[in-house]
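Q: Residues per chain, in single letters:
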Amino acid sequence: MRHFDTVVIGAGNAGLTAATALQRGGSKTLLLERHNIPGGCATSFVRGDFEFEVALHQLSGLGTKDKPFVMRQLFDKLGVMDKVGFVQEHDLYRLVVPGELDVTLPASLSGIKSLLQGMFPAESEAIERFLLVCEKISMEGFMTLPKARRANSEELLKATCPYHVQYGFRSAREVLDEFFSDSKLKNVLATYWLYLGVPPRMLPFPDLAVMLYAYAVFKPWHIKGGSQAMSTALVESFLEAGGEVRFNCGVEKILTDSGQVCGVRLEGGEQVTCDAVVSNASPLITFNELLDQERPPLAIQQDFKSRRMGTSAFVIYLGLDCTPQELGVTAASSFIYETLDEEQIHDRMGTLQPPLGGMLTCYNYEEPGAAPAGKSQVMLVCLQYGDVWKSVAPKDYARTKYEFAEKLIGLIERVYPKVRQYIEEVEVATPLTMMRYLNAPGGAIYGFQQSAQDSALLRERLDGVPGLYMAGSWTSMGGFQPTYMAGESTARAVLKQLKVKEVEHV
Amino acid sequence: MSEHNALNLIAGYSQALAGKHELERSGSDFYEVRGEVGSMVVQLHPKRLSLEVAEIIEETPTTKTLRLVAADRSALPPFQAGQYINLFVEIDGVKTARPYAISSSPTQCFFYDLTVKRARGGFVSGHLLDRVEVGQRLQSSGPMGTFHHNPLFHGDDLVFLAGGSGSAPARSLLLDILDRELPRRFHLIYVNSHVDDVIFAEKFRALASRHSNFRLAELITRPPEGYSGRSGRLTRELLQQELGELDGKMFYICGPTPFNDSCVELLTALGVPRRRIRVEANGAPKAPDQQRGWPVGVALDDEVQITVRGRGSFRSKVGEPLLNALERHGYFAENACRSGECSLCRVKLVSGSVFNPQEAHLRKSDRDFNWIYSCVAFPLGDIEIQL
Ligand SMILES: Cc1cc2nc3c(=O)[nH]c(=O)nc-3n(C[C@H](O)[C@H](O)[C@H](O)COP(=O)(O)OP(=O)(O)OC[C@H]3O[C@@H](n4cnc5c(N)ncnc54)[C@H](O)[C@@H]3O)c2cc1C
Ligand code: FES
Numbered sequence: 001m002r003h004f005d006t007v008v009i010g011a012g013n014a015g016l017t018a019a020t021a022l023q024r025g026g027s028k029t030l031l032l033e034r035h036n037i038p039g040g041c042a043t044s045f046v047r048g049d050f051e052f053e054v055a056l057h058q059l060s061g062l063g064t065k066d067k068p069f070v071m072r073q074l075f076d077k078l079g080v081m082d083k084v085g086f087v088q089e090h091d092l093y094r095l096v097v098p099g100e101l102d103v104t105l106p107a108s109l110s111g112i113k114s115l116l117q118g119m120f121p122a123e124s125e126a127i128e129r130f131l132l133v134c135e136k137i138s139m140e141g142f143m144t145l146p147k148a149r150r151a152n153s154e155e156l157l158k159a160t161c162p163y164h165v166q167y168g169f170r171s172a173r174e175v176l177d178e179f180f181s182d183s184k185l186k187n188v189l190a191t192y193w194l195y196l197g198v199p200p201r202m203l204p205f206p207d208l209a210v211m212l213y214a215y216a217v218f219k220p221w222h223i224k225g226g227s228q229a230m231s232t233a234l235v236e237s238f239l240e241a242g243g244e245v246r247f248n249c250g251v252e253k254i255l256t257d258s259g260q261v262c263g264v265r266l267e268g269g270e271q272v273t274c275d276a277v278v279s280n281a282s283p284l285i286t287f288n289e290l291l292d293q294e295r296p297p298l299a300i301q302q303d304f305k306s307r308r309m310g311t312s313a314f315v316i317y318l319g320l321d322c323t324p325q326e327l328g329v330t331a332a333s334s335f336i337y338e339t340l341d342e343e344q345i346h347d348r349m350g351t352l353q354p355p356l357g358g359m360l361t362c363y364n365y366e367e368p369g370a371a372p373a374g375k376s377q378v379m380l381v382c383l384q385y386g387d388v389w390k391s392v393a394p395k396d397y398a399r400t401k402y403e404f405a406e407k408l409i410g411l412i413e414r415v416y417p418k419v420r421q422y423i424e425e426v427e428v429a430t431p432l433t434m435m436r437y438l439n440a441p442g443g444a445i446y447g448f449q450q451s452a453q454d455s456a457l458l459r460e461r462l463d464g465v466p467g468l469y470m471a472g473s474w475t476s477m478g479g480f481q482p483t484y485m486a487g488e489s490t491a492r493a494v495l496k497q498l499k500v501k502e503v504e505h506v
Numbered sequence: 001m002s003e004h005n006a007l008n009l010i011a012g013y014s015q016a017l018a019g020k021h022e023l024e025r026s027g028s029d030f031y032e033v034r035g036e037v038g039s040m041v042v043q044l045h046p047k048r049l050s051l052e053v054a055e056i057i058e059e060t061p062t063t064k065t066l067r068l069v070a071a072d073r074s075a076l077p078p079f080q081a082g083q084y085i086n087l088f089v090e091i092d093g094v095k096t097a098r099p100y101a102i103s104s105s106p107t108q109c110f111f112y113d114l115t116v117k118r119a120r121g122g123f124v125s126g127h128l129l130d131r132v133e134v135g136q137r138l139q140s141s142g143p144m145g146t147f148h149h150n151p152l153f154h155g156d157d158l159v160f161l162a163g164g165s166g167s168a169p170a171r172s173l174l175l176d177i178l179d180r181e182l183p184r185r186f187h188l189i190y191v192n193s194h195v196d197d198v199i200f201a202e203k204f205r206a207l208a209s210r211h212s213n214f215r216l217a218e219l220i221t222r223p224p225e226g227y228s229g230r231s232g233r234l235t236r237e238l239l240q241q242e243l244g245e246l247d248g249k250m251f252y253i254c255g256p257t258p259f260n261d262s263c264v265e266l267l268t269a270l271g272v273p274r275r276r277i278r279v280e281a282n283g284a285p286k287a288p289d290q291q292r293g294w295p296v297g298v299a300l301d302d303e304v305q306i307t308v309r310g311r312g313s314f315r316s317k318v319g320e321p322l323l324n325a326l327e328r329h330g331y332f333a334e335n336a337c338r339s340g341e342c343s344l345c346r347v348k349l350v351s352g353s354v355f356n357p358q359e360a361h362l363r364k365s366d367r368d369f370n371w372i373y374s375c376v377a378f379p380l381g382d383i384e385i386q387l
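First to last, the protein sequences are chains F and V. Residue numbers for the first sequence follow the numbering used here, beginning at 1 and rising by one. Residue numbers for the second sequence follow the numbering used here, beginning at 1 and rising by one.
I should point out that these hints are in silico values taken from the structure, not numbers from a laboratory. In this text the structure is predicted, and so the values were computed from the model without any measurement. A portion of the hints provided could be inaccurate.
Unchecked claim - With the Cβ distance kept under 7 Å, some of the chain F side facing chain V (calculated, not the full set): (1) Asn152; (2) Leu157; (3) Arg170; (4) Gln301; (5) Asp321; (6) Leu457.
Glycine included, C-beta positions come from ideal geometry on N, C-alpha and C.
Isolated chain F, as found in the complex (with noise of 0.2 Å):
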């Protein structure tokens, strides 16, 4: 039998910079994954003369060249740095209701209070004082909140993080609201909720703090390549330091022994020994599936008595034959809603009814190496919960997939009417695509929902079984960067663990 010192299970991003990090650091590693590609969500496919993107719409945290931020280093020292180009973006989002609202705010900070200021000229002050709080926010978050939650320090809470004592778990529309009188400079601000999904009246107000200060100072970026490019490249630095990766090879048990892991089962019998297993795998697989134990610790039943299932997606994915230009695109990523009213979009996204709003991401927009010259790759996006298509009989699912993929196309129209005319190629996915590519419960791309109660300050790490260790949007935030960050954090986790057991059997 094979003996590793680790396990990964699942090459989504988690799995892979965790995988990286831990052979670069010394812990001889097989990464396994049930497709044939790296990536999860971080993926990519061909159809005709395109490859689409499958998830990535704006990388965060990476900084610019002066100005960089975590996820350069995160990627330098991953080995990954040189392997892929990135390409920025200018603008946060288009936001669009048709006949109503119409505003593009630009990827900086004094940009984005320029424009709104001038737009919003009564809440001029205002919106001065949010941005600072964004800022503020921010920073505490990434540097000092970590030490005092650690230290469990009034005293040190009070003097290094004022506004999360003002403001850490307040909701966003509480916030919102208390800034601002203007409903649509709320909407405007608040837009970023229509990416994660959870409604700002649940959506604690740093998550929203954080993405737009995050995006605003170190920018969106598009990978060359797609994200696809990023996982291929992880797998190239991970083989380069002497890992070992299986694809089309699931993971069917996870093994232990007097409640200590000690391997995995694999699709088809083989059998692995191993010291640890990091799965980027949901934890409801992991622990209700894949875990050779009846039941999970009770601690980790508990955890999830208190979560709820995240938010899934409805994709279409557009091959067009036209320019961005033509298409009349003047921003990399718009969303179009007919209403703003949060209950009730967020009512929708639990139903087949016609969507109240989309995303459109233009890829080629800002990186022409996108699509074929003269072409152009679109993504349109709803959030959408998986539940209302479990109850779709199979032989009803490609109707009921194209009744709604026309809903959300006949929206977009509104604002792009000629995205129907020029398509060359159309892939549609919905939440059982997600559930079959990510093997993921609820089709959840983001895993549980992101509500406050879901924050990663409420909750332990899910340590109840010796060996095992979560990584990914499950036990994190979801999306590309935390994503990353919680694979090497977790890698770091296991290292050191390790290190411990090579003492003790000295």
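Starting from the known structure of chain F, fit chain V with the ligands onto it as the hints suggest.
A: Okay, now just chain V with the ligands, sitting in the frame of chain F:
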């Protein structure tokens, strides 16, 4: 959480914590949905299907239809007319597979018809025609592929150019329209070499006479003496005359590669934009050396050494697609389309170089980091790969 918790200082913290406890009281540990992802997905996209040959229908001297049912007689996963399954077989100790379009109607879910024509020099088609019997078990992939009607942009005015067994998916598309009484027009331009080898000839003619939205135009390229039907090659004039106004039509092409290429050329010459033409995949190219980028001085017959890292090595020919060569020597790589489209057969090229023909729909990063689609990769010299 410990008794003393500094985080209590944070505005909203204690409410959030109370909210979490509330959720905990009313929530579940998700144990009741264990297995749900797997069972949902498998209804639509099983990795493997266990099938049994229920009936064998003789179509023409070269062609039979195998009617396959689920080995346990349950309903099969739904498919979209035009899609294929990949049939896994073992022939004289060699495990391999071939994709076949489903020729039956998607409106019923208890069998898939595969219409198999003898391929010249073929390895698998001969086996399926000569050795497979009723009652035999076969494994396949689930239904796959993108060569199907897409209501989002294809429209209702469809033209299908079929060459030989290319009529298999055409039949499925047609039956789908007729069975569901869809308001679509289907115009089949059906090209065959010999009059005595026209698959579904009678069935198509009968349907065409009964349904005004199905029009059939037959063409025989090698007519016998005294043949009175339409004969000769497919030409621009013929297409123009058959089709009239081209705007708004969607074209499907399925047949041998030279047929497909010439159809695309003809339609393009008639001004049909590429986005209105769908061409079915057709396996690895027979003559990769005729494609752009083929290096000078390398012949299809040249011998090469193929090493599978950590497992062994063997001799092969430049002209044999890597996947076939691997299978012939007892190695397995997952696969489905065997035409460079689905990427399931992706393997890492550790050293040496291969020719990636235009069929290989590689991702940019696959090219950058030397991942190849083994079903359409031709080793240009000695290579090492990782499975
Ligand atoms: C359409 C779409 C749009 C999105 N847009 C954005 C965006 O704009 N910005 C953003 O930040 N985020 C976005 N996301 C979300 C983001 O991609 C995810 O939150 C993030 O990639 C999740 O990473 P992860 O590490 O949790 O792994 P996942 O991507 O969930 O991958 C898990 C991996 O584990 C494998 N696996 C599971 N079980 C097993 C097993 N038993 N054996 C072996 N392998 C197994 C799976 O096959 C998969 O590869 C989007 C997602 C989607 C689908
Ligand atoms: S089997 Fe589909 S690309 Fe090779």
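Q: Interface hint check: leucine 157 of chain F, Cβ to nearest Cβ on chain V, cutoff 7 Å. Holds or violated?
A: 5 Å, holds
Q: Given asparagine 152 of chain F as an interface hint, is its Cβ closer than 7 Å to any Cβ of chain V?
A: Check passed: Cβ of asparagine 152 of chain F comes within 5 Å of chain V, closer than 7 Å.
Q: Under the criterion of a CB-CB separation shorter than 7 Å, is glutamine 301 of chain F in contact with chain V as hinted?
A: Glutamine 301 of chain F check passes; min Cβ-Cβ to chain V is 4 Å, inside 7 Å.
Q: Does the CB of leucine 457 of chain F sit less than 7 Å away from some CB of chain V?
A: Result: holds, 6 Å to nearest chain V Cβ.
Q: Regarding the hint that arginine 170 of chain F lies at the interface with chain V, is the smallest CB-CB distance below 7 Å?
A: 4 Å, holds
Q: For the hint on aspartate 321 of chain F, just tell me whether its beta-carbon gets within less than 7 Å of chain V.
A: Nearest chain V Cβ about 5 Å off; hint holds.
Violated hints are absent here; each numbered hint is respected by the structure.
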